[in-house]
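Join the two chains into one complex using the hints; note that each chain is given alone, in its own frame.
Residue numbers (our numbering), protein chains in the order written: chain A, 1 to 650; chain B, 1001 to 1400.
Keep in mind that the hints were calculated from the coordinates and are not lab data.
Watch out, some of these pointers could steer you wrong.
To be verified - In the DMTMM-like style, the derived pairs of lysine to aspartate or glutamate whose C-alpha atoms are separated by at most 20 angstroms in a straight line are:
no.: 1; chain 1: A; residue 1: K205; chain 2: A; residue 2: E541
no.: 2; chain 1: B; residue 1: K1124; chain 2: B; residue 2: D1173
no.: 3; chain 1: A; residue 1: K357; chain 2: B; residue 2: D1078
no.: 4; chain 1: A; residue 1: K357; chain 2: B; residue 2: E1077
no.: 5; chain 1: A; residue 1: K357; chain 2: B; residue 2: D1074
no.: 6; chain 1: A; residue 1: K357; chain 2: B; residue 2: E1079
no.: 7; chain 1: A; residue 1: K357; chain 2: A; residue 2: D517
no.: 8; chain 1: A; residue 1: K205; chain 2: A; residue 2: D517
no.: 9; chain 1: A; residue 1: K357; chain 2: A; residue 2: D430
no.: 10; chain 1: A; residue 1: K40; chain 2: A; residue 2: D535
no.: 11; chain 1: B; residue 1: K1045; chain 2: B; residue 2: D1225
no.: 12; chain 1: B; residue 1: K1124; chain 2: B; residue 2: E1189
no.: 13; chain 1: A; residue 1: K205; chain 2: A; residue 2: D295
no.: 14; chain 1: A; residue 1: K432; chain 2: B; residue 2: E1077
no.: 15; chain 1: A; residue 1: K205; chain 2: A; residue 2: E536
no.: 16; chain 1: A; residue 1: K435; chain 2: B; residue 2: D1074
no.: 17; chain 1: B; residue 1: K1090; chain 2: A; residue 2: D295
no.: 18; chain 1: B; residue 1: K1124; chain 2: B; residue 2: D1156
no.: 19; chain 1: A; residue 1: K432; chain 2: B; residue 2: D1074
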Amino acid sequence: MTDTMSEETSTEEQRPLGVYTRPKGGNGWRDWVTTVDHKKIGILYGAAALFFFIIGGIEALLIRLQLATPNGTVLGADMYNQVFTMHGITMIFLAAMPLAAAFANYLIPLQIGARDVAFPRLNAMSFWVFLAGGIFINLSWLLGGAPDGGWFGYAPNSGVVFSPSVGMDFYAIGLQITGIASLVSAINLTVTILNMRAPGMTLFKMPVLTWMLFVVQLLLVFAMPVIAVALFLLMFSRQFGANFFNTEMGADPLLWQHLFWIFGHPEVYILILPSFGIISEVIPTFSRKPIFGYDFMVFSGIAIGFMGWGVWAHHMFASGIGPLSVAAFSLSTMFIAVPTGVKILNWIATMWGGRIKFSAPMLFSVGVISMFTIGGLSGVTHALSPADTQQTDTYYVVAHFHYVIFGGIIFGLFAGLYFWWPKVFGHMLDEKMGKINFWVMLVGFNMTFGPMHVLGLQGMSRRIDTYSPGFGFEAWNMVATIGSFIIALSVLIFLINVVVSVKRAKGQPPCPPDPWDARSLEWMTPNPTPEHNFDEIPTVESLDEFWHRKWGTDEEGQIVRVATAEEVCQDGTATGVHLPSPSYWPLIFAIGLPFLGLGLIFNLWLTLPGAILIVTSLYAWIFEPVDDPDGPHGEHHADEKEVSEEASDV
Amino acid sequence: MITKAIKKTWLALFASALLLVTGCAADAELDTLQPQGPTARDIDKLLDPVLIIAYVVFFLVFGATIFIWWKFRDRHEDEVFPTQVHGNTKLEILWTIIPTLILAVVSVFTLITLSSVNSTETNKVMVTVEEESVLWEPEVVVVGQQWWWEFRYYFDGLDGVDLSDARNLPPADIVTAGQLVMPTGQEIELSITSRDVIHSFWIPALNGKRDAAPGRVHPWKLEADEPGVYFGQCTEFCGLSHSRMRMQAIALEPEDFQTWVDQQLTDQDSDLITDEAVARGLTVFENQCARCHVVNGVNDETSIGADLVSNAAPNLTHFMSRTTYAGGIFNLYEPDGTIDRTQLEAWIRNAPAEKPAYAEGRRGMPALGLSEDEIDDVVAYLETLGAPPSSFIIQATEVE
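Extracted from the complex, chain B is given alone in its bound form (with noise of 0.2 angstroms):
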């Protein structure tokens, strides 16, 4: 009987070791082990062969024990002993170095892995910022604050750009949130900060994660091979809404990174409106929203009135041209790329009852009380700022 048991529970174990060096499902767009990028590469391949070691002194250290388990058992019904063995110096020597020098081995790789991740090697990418070339050092700022993230690109270079502040950051000349939009095939710098409390900010597929510390500033790296989303998450605790507190890297070839660059630098201008739904839009914005949001044309970031405890809410200018918003946890567009009105109809009718909040405690979006033609009107707005994106970009940022 445990016999049998013993041998299926081995079985268990050998198929989710299988599982596990063969990689996990297919379907899974957080995977650390099918890396997109030669970063998170260059770990998996240190990783791999420590996993098979791994397996083997497992194996080694389980099948020793139902080796002893089959052969040393015994229900002691005489007082017979068997040989009593005190010890051996010899052995206990050797399978002390065994193992040093196994993990002496691994610690090689791991230093060599290590400087790797944590050398930079950027080539400048030409960008066109407002009709002139401009030879950018491809660097972002990533800023976390509860719960959602932020990215700015300063086109200019970061050398005369004060980070130590997060809460009051100098002007950037793109300011998005929810996803970092990239070129593929180069490798871009991150400068990653907080705003209020630790964060943490992590793209499997590219590479592992680094936290956002207020008053800190962490570099890291991405590199995509192919374009394309590659979903995270904030991994360090950072209160009530941490598991909502979610974001995607974009990664475009470099002529369509250079379209959205150009669609981002425009800034909205209010007196082309026509509509009179959106007129009024706008005003509710004005009114209410524009206390926290930014709308680049609208208001910027000095006018910004709520006392917020992480000093900014996302900046919405080219709202239409991401593909979530909430922290990343609600799509903005349906697959077929219409727009789902009803899940961003209900956020801004009452946002805590979305995504938990303390609005009252000036963190997070609140309930602002808006009549449901108002939510109408700021939707009918809030479409009218920005280009939607590729439809490739809208299927990919759907996980089902």
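One chain only, chain A, in its complex shape (with noise of 0.2 angstroms):
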């Protein structure tokens, strides 16, 4: 790798035309807005994500609260359909999606042993852009409302015509933009796990956690082209006229259906599966067990990302389609239980007969096991197509969606929160109050979402606004929203750990680096995690990696320790690893594309700062210097740190 230049033989008159210098990393905010580090990149979209999530939270009890009583007026009818469609979108683009991003960024490189993803700026304009679009979207409610015809957004009810105001445009424009993101960096993430995995790291050795990620970068790959194909129909339906949707002219409404559906049903699995992954790698870890069947735990996850693929129109069996579809949909929807009922039973398998520990990250991935079980087996009901006829677009499905996407997501994503806080902040959060944590939000999850069973069966439909007294609806409801209100409680104990912990750990020394005895090779970097990774790139030549360099067998096959936790880890104080230079370049294309979406709903001037920027931009990336010719450029040394907390200093 080469050296630092020196500033002297770099000037300015050596540049060609265009070529800008790169931003020095480490000094406070600019750092972070320039930085191509994968680990930073992955805390901005666990931020970003958490503060989604909090806003998609308060959608959620706004709903809840004018559903609390029949005849509810909290909310008005068209303020409710702006709200439930903007909790949809909001939770599932905005906060799960971006969640399991900060994991796969954070720990793809780390658990393959490689120093950064393959194509770091690119990394960086993914978060950007993301986070762009989540503006934008969010942006409608200030200019003119927010999208009203719910996150599958049927056609013909999102046209420009039962549709009328702007909030349907900030929907296909602002996906669109959230979707760039998210197929960016599945390719990045796949070409990292591909190309970039440390010297003995076969595929079939990689953490099981990498390997969901890996499924979930290939399903993404296929499946947001399908999405993004529907919003440029829909986009070109509202903007410009376009008959795709048009009945009166002979469109079929079926076909936004069925493209909605195609990517909207991997879609399911782009969220459940890094849940799976995350509780794979905590429940070993907490059992001292070894996962229970690797290969049927891979092979089960890639059976769910193929099999994925063919179940999609089981969201329409009210829809039409026909008995012939309906029954080979039912088939397939039918059949996708199996592998997901053998990670449940390898899950379990894992945990029998084991020592356990039930600390929180262990809390949540059992209440996974239990609440997504609860999940998947309604799940098999709707497969009853017969009888899905009876349960589709009633509380029966948003019963069953919220066990999957909470009690399969969200818990998990909790269980990494808590797993990986101390390898990604170097302190641990606080244990007492991350498993009242649980607790209150098992509660307050089934309170909300249990009585959704009851409701729907009893033929309450999903997506209204208000009902009335005197269907039997009444006391599950009020039920429901109390519960919500416990969620809230819980994510606000989840916040206020954060805070203690945080507060508690200044002045400390980052805590040891192996909190859990854990498997996997990103603990071998100490915590929090150098900026380099590793000091050196660990040879791997087993399966858990970092635990069978720290535990070995005696000649009665007993276990015992070889090595201690710190002897195995390394002490991160490398220098001289050449890393990439941070960037401007990402942050100013993605704000080039909001005026874009801007410009296409308001004023088409408005697309010109936006194709400057991004031109710019595109143009300046392409042609900016591999290192910055000025600087120490991302290289790190043993006193960068020093370096930068002088720069922060002034």
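In structure tokens:
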């Protein structure tokens, strides 16, 4: 790797026209907006996702307030439709997906023994574009009304005649923008996993989490273009009067449904597999046993990824697609339960016979197993297509997918937050508050979504802003509303935990490198992970490499310690590691995109600044030097920390 | 402490499980687990055993988790490891095959039920139309639009009826709104379509739901064992007043159905009006209401002048024979059979205040700016439109 070019040898004159210096790392906020470090980008994803999670949660509370009593008047019908639409969009595209992306960005390079992702600047671009898209969609609240056609945006109700506000324009363009982020990130991480594994790390020595995230990236690569097509059709229909969904001109309104759900059902697995991966790391660690049936776990994940493409029309059993299609999709849906069931049994078998420590991450993981099972079983009742015609678009479905998305995904992501918090921030979250957080969330979650099974079977429709007394909906709706505030309390406990733990850790040395007796490669770096990840790329010999370096077997087959974690862990003091330099251009590029959107919606002139930002940033991106000629350019050496601290003091 | 909490959770879950299996509250008019017709019963018979299997599986998984909790908990205060098991291929194959087999069996029953709910088996019904006996294939055209349902009866059969353009349907023998009236013990074939966005037609006591999509005609069926009023609600999100788009299926004994048909086939004869208020009401109707609404004998569907998105408003010819209006959200009658005049007047005075709509966007009833006298006259006129239904229907429409 090249050494620092001395400042004397690089001057302005030597640079070709239009080539800009690269920013220097390590001074305060500028470090965050220019970073190309996968770990910082992971933290940014996590922070943004939690922010949007809170926004989506507030929207959920508004929904529950409106439905607490019959003939509710908290929100009008129009506002209610905007709020439930935005709740869905926010939670799926702006909270659950980016929170999973936070784990993917932070952990994939570490788990495969790499120093960064394949395309660091592209990675930064993914994050900023996602954030730009998220902010853009939420701008609709201020600029004429949020989307009001449901997150599923069925045509022709999403058309300009039926949804005349600008909300659905923000939906079509905003999701297109976040879609760019997901697609780019998926390609980036796919290449990373395929090409950047440490020596000896074959695909089948990768941790289950990396495997599940790998399947997710492949699903994204193929699913995002489908929603992109659908959103383009919608955008052209709304902006330029195209007739893709104009039934009076002979369009078939089911076109949108097929496109949306061909994306939408793989999307469900895009959301759930990261969580499956997380608890597949947590459960073995806390059970002191290897994952039961690694191959089965990996192949069932791959099977879910494949079969996930053949079940989309189960969202359309009442759409009038004809009994033959219904039969086919009914069967495929039935059998996708098998690989999922295998996973649940394998997790139970992993715990069975273990010596289990029920720390906060483990509690959340066990929560996933039992709560997701409920969601999976109600899912099987949907596969009974005739019965589904009674259940679809009722609260039974709302209960089902919240048991999957909240019980399966959010619990899993919280398990991950508690588990990797010391890895990321160098201090533990408070264990006692973590446990309280889990129990309060479990109670609130079941109080909110459990009754919805009953409400749905009693015939309460989805997406209704109000209901009349006398249908037997009153009591359970009130219970659900109380439950939702208990969930809010549990999230509050988490945030307090973060604040308290951060305060407590101030001025303390970082926690030891291996707080959980963990198993995979990311724990071979000190806490928090140094900028360059590994002092030396480890050579991998087995699955659970880190664990096998700590523990061996003696002649009697007993497990004995061969090394302490401190001995195995690298100390993070390597110097002379070449790292990619920061760059402004990913951020500048991302800022350009919302202007294109605003231009399409309000005034075409607004696209001009957007286009200028995009073209300039792409040009500058391509021609900017590999390293900043003027500075120490992200090169890691021992005294850099002091340098950066001095800089931030100024 | 914690084990106590688990016990409690377990009990609560078990209680809710029992609730689900045994069916829910008795007053739930939209309950999907209390079928009142053969199709809904087929669906229920398919679901019930699967729900029980689901409970068994859930309690096995949950029980295993609780057992693990109790048996394998440890505080890791030493460095003793449990036996390191990496997997057990035979076991894993076993628990792949067992659920596959269970689901294969469930699939067979699913396909059988799917075929039965999609099959049709109709008997022609003898209906007297204008003193002539007609063998009616019991078919009803169901048309959804923002935010109410229309039901059209063609007694000569649907063979020559072009349903491809729902906004311009051929004239029907009976056109009614909000309440689908049908004979009991008889499978009724529905042809469901829409005039604007996608809606979904759902009478849970009689059958599952089927979407009403513009440009498409979806077949579906309804059959009720007993006379009664069966509640429904649009279940595909269809915009602003989606929650206020409700309907009922009213099943009548065949002879009562014939009576209903006879009444519906009678047009209004404005020449018979003697009351002055009614006559003034007719004038208001002709000047204002008739731009969208039809009363057979006063105007017809081709004469609708207003440019509506759906090109339709409820046909009011036999308004008083229905028990609900405004998309099924208001009851026309008090339980004692008197008319709820206050609500009706409020609706005519300012409809958008009573039910959210985009009247200025040509969707939903506008506020017409009628004077109080005009409103009284219109109500007087409306009261002459059709005969009230039997008190049994009026009382069954009450949900509270």
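### Query
Is the hinted pair K357(A) and D430(A) satisfied, with a Cα-Cα distance of at most 20 angstroms?
Holds - the C-alpha atoms of D430(A) and K357(A) are around 16 angstroms apart, at most 20 angstroms.
### Task
Starting from K357(A), check that the Cα of D517(A) is at most 20 angstroms away, please.
Holds. K357(A) to D517(A) sits at ~11 angstroms (cutoff 20 angstroms).
### Query
Under the criterion that the straight-line Cα-Cα distance not exceed 20 angstroms, is the pair K205(A), E541(A) satisfied?
holds (8 angstroms)
### Task
Could you grab the alpha-carbon distance between K357(A) and E1079(B) and see if it respects the 20 angstroms cut-off?
holds (13 angstroms)
### Message
K1045(B) and D1225(B) were given as a pair; does the straight-line alpha-carbon distance stay at or below 20 angstroms?
### Response
Holds - the C-alpha atoms of D1225(B) and K1045(B) are around 16 angstroms apart, at most 20 angstroms.
### Message
Run the distance test for K1124(B) versus E1189(B): straight-line Cα separation, threshold 20 angstroms.
### Response
Satisfied, since the Cα-Cα distance of roughly 11 angstroms is no more than 20 angstroms.
### Query
Does D535(A) lie within 20 angstroms of K40(A) when you go C-alpha to C-alpha?
It holds: about 18 angstroms lies between the C-alpha atoms, which stays within 20 angstroms.
### Hinted pair K357(A) and E1077(B), Cα distance within 20 angstroms
holds (10 angstroms)
### Query
If you draw a straight line from the CA of K205(A) to the CA of D517(A), is it 20 angstroms or shorter?
Within the cut-off at roughly 19 angstroms; holds.
### Query
Has the given pair, K205(A) with D295(A), been kept, meaning a C-alpha gap of at most 20 angstroms?
holds (10 angstroms)
### Query
CA of K1090(B) to CA of D295(A), is that 20 angstroms or under?
holds (13 angstroms)
### Query
CA of K1124(B) to CA of D1156(B), is that 20 angstroms or under?
It holds: about 11 angstroms lies between the C-alpha atoms, which stays within 20 angstroms.
No hint from the list above goes unmet by this structure.
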